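Peer 1: Residue numbers (the numbering used here), protein chains in the order written: chain V, 366 to 617; chain W, 366 to 617; chain U, 366 to 617; chain S, 366 to 617.
Worth double-checking, as some hints may not be accurate.
It does not matter which identical chain is used: a pair holds within one copy or between any two.
[Claimed, not checked] No more than 27 Å apart at the CA atoms, straight line, and that leaves these computed lysine-lysine pairs for BS3-like: (1) Lys-372 / Lys-480; (2) Lys-584 / Lys-519; (3) Lys-376 / Lys-509; (4) Lys-590 / Lys-376; (5) Lys-380 / Lys-509; (6) Lys-407 / Lys-509; (7) Lys-372 / Lys-600; (8) Lys-590 / Lys-380; (9) Lys-600 / Lys-446; (10) Lys-509 / Lys-602; (11) Lys-380 / Lys-600; (12) Lys-446 / Lys-410; (13) Lys-372 / Lys-584; (14) Lys-509 / Lys-372; (15) Lys-410 / Lys-509; (16) Lys-376 / Lys-407; (17) Lys-446 / Lys-372.
To be clear, the hints were calculated from the coordinates, so they are not data collected in a lab. Bear in mind the structure is a predicted one, so any value in this text is a computation, not a measurement.
There are 4 protein chains.
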Amino acid sequence: MANTTIKFSSKPVLKNPILIEGLPGVGNVGKITADFLAASLKAEKFASVYSEHFPPQVMLDDECVIHMAYNDLYYAQNVGKEGIDIIFLLGEYQGTTPNGQYILCKDLMDEVFLKMDISTIYTLGGYGTGLMAENPRTFGAVTKSSMKTFLEKKGVLFSPGEPGAGILGASGLLLGMGDANNINAACLMGETSGYFIDHKSAIALLTVLEAILGLDLDKSDLELKSHQIDELTAKVKEYEVTQKKEDLGYIG
Amino acid sequence: MANTTIKFSSKPVLKNPILIEGLPGVGNVGKITADFLAASLKAEKFASVYSEHFPPQVMLDDECVIHMAYNDLYYAQNVGKEGIDIIFLLGEYQGTTPNGQYILCKDLMDEVFLKMDISTIYTLGGYGTGLMAENPRTFGAVTKSSMKTFLEKKGVLFSPGEPGAGILGASGLLLGMGDANNINAACLMGETSGYFIDHKSAIALLTVLEAILGLDLDKSDLELKSHQIDELTAKVKEYEVTQKKEDLGYIG
Amino acid sequence: MANTTIKFSSKPVLKNPILIEGLPGVGNVGKITADFLAASLKAEKFASVYSEHFPPQVMLDDECVIHMAYNDLYYAQNVGKEGIDIIFLLGEYQGTTPNGQYILCKDLMDEVFLKMDISTIYTLGGYGTGLMAENPRTFGAVTKSSMKTFLEKKGVLFSPGEPGAGILGASGLLLGMGDANNINAACLMGETSGYFIDHKSAIALLTVLEAILGLDLDKSDLELKSHQIDELTAKVKEYEVTQKKEDLGYIG
Amino acid sequence: MANTTIKFSSKPVLKNPILIEGLPGVGNVGKITADFLAASLKAEKFASVYSEHFPPQVMLDDECVIHMAYNDLYYAQNVGKEGIDIIFLLGEYQGTTPNGQYILCKDLMDEVFLKMDISTIYTLGGYGTGLMAENPRTFGAVTKSSMKTFLEKKGVLFSPGEPGAGILGASGLLLGMGDANNINAACLMGETSGYFIDHKSAIALLTVLEAILGLDLDKSDLELKSHQIDELTAKVKEYEVTQKKEDLGYIG
Chain V
366 MANTTIKFSS KPVLKNPILI EGLPGVGNVG KITADFLAAS LKAEKFASVY SEHFPPQVML
426 DDECVIHMAY NDLYYAQNVG KEGIDIIFLL GEYQGTTPNG QYILCKDLMD EVFLKMDIST
486 IYTLGGYGTG LMAENPRTFG AVTKSSMKTF LEKKGVLFSP GEPGAGILGA SGLLLGMGDA
546 NNINAACLMG ETSGYFIDHK SAIALLTVLE AILGLDLDKS DLELKSHQID ELTAKVKEYE
606 VTQKKEDLGY IG
Chain W
366 MANTTIKFSS KPVLKNPILI EGLPGVGNVG KITADFLAAS LKAEKFASVY SEHFPPQVML
426 DDECVIHMAY NDLYYAQNVG KEGIDIIFLL GEYQGTTPNG QYILCKDLMD EVFLKMDIST
486 IYTLGGYGTG LMAENPRTFG AVTKSSMKTF LEKKGVLFSP GEPGAGILGA SGLLLGMGDA
546 NNINAACLMG ETSGYFIDHK SAIALLTVLE AILGLDLDKS DLELKSHQID ELTAKVKEYE
606 VTQKKEDLGY IG
Chain U
366 MANTTIKFSS KPVLKNPILI EGLPGVGNVG KITADFLAAS LKAEKFASVY SEHFPPQVML
426 DDECVIHMAY NDLYYAQNVG KEGIDIIFLL GEYQGTTPNG QYILCKDLMD EVFLKMDIST
486 IYTLGGYGTG LMAENPRTFG AVTKSSMKTF LEKKGVLFSP GEPGAGILGA SGLLLGMGDA
546 NNINAACLMG ETSGYFIDHK SAIALLTVLE AILGLDLDKS DLELKSHQID ELTAKVKEYE
606 VTQKKEDLGY IG
Chain S
366 MANTTIKFSS KPVLKNPILI EGLPGVGNVG KITADFLAAS LKAEKFASVY SEHFPPQVML
426 DDECVIHMAY NDLYYAQNVG KEGIDIIFLL GEYQGTTPNG QYILCKDLMD EVFLKMDIST
486 IYTLGGYGTG LMAENPRTFG AVTKSSMKTF LEKKGVLFSP GEPGAGILGA SGLLLGMGDA
546 NNINAACLMG ETSGYFIDHK SAIALLTVLE AILGLDLDKS DLELKSHQID ELTAKVKEYE
606 VTQKKEDLGY IG
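Extracted from the complex, chain V is given alone in its bound form (with noise of 0.2 Å):
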């Protein structure tokens, strides 16, 4: 824990609470809805997480007071129909070496996760296909082939062998360290082109996360902000084939 340091503001009593992880990564996808999940479920943040494998750097909000890079640990009690305990791991950061996210995601486990109880792990991501997906799907990753048809009935996809590249950083780090602490551990992916910040994936990968924990959500203002940028790149298409027939001209 040398490279690790995580402040406690209180220390909740939990009873085995699962975690979701949602970090930046592809289209934020996972930020976003972990986000909007614990704002949602009015979490409250419990500790904070400061590593020398974060930025060395402060940045300042526009009151001109300064914010650390780091990570923080919200939790909430007794949510939805069956009254579940819920750890987040949010934040604006993952490591910035390989080596750095291992440590980061180890020590979490080690001094946090493990010494909670932990009962299951949900790992959010974006799953970059490079297309635009009018609905976009939930593509899901497991630690034991057993948990597949719970997931399947909430309204996950499993494809064989995608995403064929892995799951990277934290999202797949946890995945892998659950596994080895016999803690079932799911990575939930919003199919997402990648190229944007997408709230479309991230209110499909909500409306799972809704059916897994048994919760109604208004996620009207994901929705505006979807529809915000739907309509912007309705704009950039629209411009694109003004210009191609207008390059068209040229050669006709």
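Model the placement of chains W, U and S on the given structure of chain V, informed by the hints.
Peer 2: Frame of chain V, contents of chains W, U and S only:
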């Protein structure tokens, strides 16, 4: 502390000292200011900081005597109207890698600054704008919004979200680590083009520090250097104007 | 051992086992040979090796079940005429950085291999010559000159100073660390072009290992794959010859 | 000491030995000189230094026996008129990274050199000038100005601020670490073009060391190699002159 070696030549007993950091950075504004202030106050060295994260190198002076790459800690007692004690963090280098910079700051914070009960942190730096400023201003960033009124009275300007790129290196990290330990901390940044060593910006920054500490220093040495650079810059400009005219001559 | 985590699923009691390493490398000759030998001997996994020095990533199989990047330790007992016990070091990855590779080998040596009283080390690899070999040979390198007579009788060729570039990665480091602990160690290298996965070279290397261990294995699976690749190579050659003739046609 | 392993084959009892370092560097002047001096004095190896910071690799000799990348410690007793004891730090490699070099030197200093009560440090190197020197000089750098008179009498030249780039690697770091532990230390640098292995510069440096240690060694082997290189260089020059004349022929 495996990576950092702190060699104490004395162990001064100080009453809640403030910490002033002035390591190399944009326009070297922070370093010039801190070095000058420490020299003016006849601050004494009490520790040298060695680290694997500095360049693996020694430099030679005119006597062929070698000097290793390290940082130094100085102190001054009973400074200004209010009799403040000060610790200075000075040196020729910052860590050569991102996590090296973090480790250096963290080891100093944990092993020296917290143990010596520092009360406030001022990190000094330059805010590189890419433009020459006739009357360079001093910008601020703080760990608590409540610090701003005091600093504004001393001449510090707070501009929403500036600098947009945040604050890198020791000047940023010590703020974040101060905040994590409930110590008030501010970064004071002299406006500078960032293109050369900027004594004029250092004078402006020093004037703010004089106001904060209740001091009135003889700054004539700095002013002399500032004038020399002003003259040099004027000549370069004049030359450029002449060149432009000649260039136009070719066209007309 | 801060960087390496070794998870034991069982603690086999072995009598002065030999260690056989076959991690990825030139032509994957060492990996193919060690994997095939371990499978033929029905070796059992007894430990998984996790490390920050493997890629921070999990891979998916056809069932969408994730697999983390790690090395595995297997064992087989009472092998061959002389009833030798064997430990296998197998896996999909080596460390991603030079010092990561060193740390992995050192931690395994200190925490597992020395404690299990290994008697001899055979590291398996490929010797990339850039040329296709009709009958690939098996080259050797040893920690003690006295080991050569025994190995030459088993079919190993010692060619002064070859390979000129030395031996990189685990296959080299385990030799050096074996030597530092007074354990006899040899690297056995199948001659290979290095341009593709070379099953033919693996068969030659396996034949040497059979002689060393007093074994006679069914190698028909490897031979089938080797023939398939031979056929593919023949077709590529034929195509190239045809192309050349056509090219000449243009000139003539 | 997590990163460095020092294997002692014996523990010689020496009386305030001096340390002579000669690892690879500019023109290999330091290494040639130290290797030659150690061999001439029939110095004995007493420890091998292993580290993750050396290349992860073993080399083969003509007997196909492997040699790992490490540094060695040798000693010689009762040397010269004054009966001085000497420790030699020799080897084929320096650390592959900046902080690896620092860690190696620091671990050796703390775990070996300070414990063996070294009295003085001489690090040997080359001073690359880019020019061929008919009679290469030996430049010096010291930790204390008071050391200069003694060394000047032995033939060392002190030129203000040279080398301007400072001293890199073990030759520099051991000086800095010696100084931090109040041990007198000097770097002796043979003048060299830096373009090839420079035996002539090594002879000059060795002559200075003979004067310091009160020795008179048979340097005929070094002189032979130096002459061979001189002849080679002369031929290259001659060829260049001929080429130039021919080139002029084309113009005239």
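Peer 1: Run every hint past the structure and note whether it holds.
Peer 2: A quick look at each hint next to the structure:
{"no.": "1", "hint": "Lys-372 / Lys-480", "result": "both (15 Å within a copy, 18 Å between copies)"}
{"no.": "2", "hint": "Lys-584 / Lys-519", "result": "within (18 Å within a copy, 47 Å between copies)"}
{"no.": "3", "hint": "Lys-376 / Lys-509", "result": "between (31 Å within a copy, 25 Å between copies)"}
{"no.": "4", "hint": "Lys-590 / Lys-376", "result": "neither (35 Å within a copy, 56 Å between copies)"}
{"no.": "5", "hint": "Lys-380 / Lys-509", "result": "within (23 Å within a copy, 36 Å between copies)"}
{"no.": "6", "hint": "Lys-407 / Lys-509", "result": "between (31 Å within a copy, 24 Å between copies)"}
{"no.": "7", "hint": "Lys-372 / Lys-600", "result": "neither (47 Å within a copy, 55 Å between copies)"}
{"no.": "8", "hint": "Lys-590 / Lys-380", "result": "neither (35 Å within a copy, 53 Å between copies)"}
{"no.": "9", "hint": "Lys-600 / Lys-446", "result": "neither (42 Å within a copy, 64 Å between copies)"}
{"no.": "10", "hint": "Lys-509 / Lys-602", "result": "neither (42 Å within a copy, 46 Å between copies)"}
{"no.": "11", "hint": "Lys-380 / Lys-600", "result": "neither (49 Å within a copy, 64 Å between copies)"}
{"no.": "12", "hint": "Lys-446 / Lys-410", "result": "within (23 Å within a copy, 42 Å between copies)"}
{"no.": "13", "hint": "Lys-372 / Lys-584", "result": "neither (32 Å within a copy, 43 Å between copies)"}
{"no.": "14", "hint": "Lys-509 / Lys-372", "result": "between (33 Å within a copy, 18 Å between copies)"}
{"no.": "15", "hint": "Lys-410 / Lys-509", "result": "between (31 Å within a copy, 19 Å between copies)"}
{"no.": "16", "hint": "Lys-376 / Lys-407", "result": "within (17 Å within a copy, 47 Å between copies)"}
{"no.": "17", "hint": "Lys-446 / Lys-372", "result": "neither (32 Å within a copy, 37 Å between copies)"}
When each numbered hint is compared with the structure, violations occur for hints 4, 7, 8, 9, 10, 11, 13, 17.
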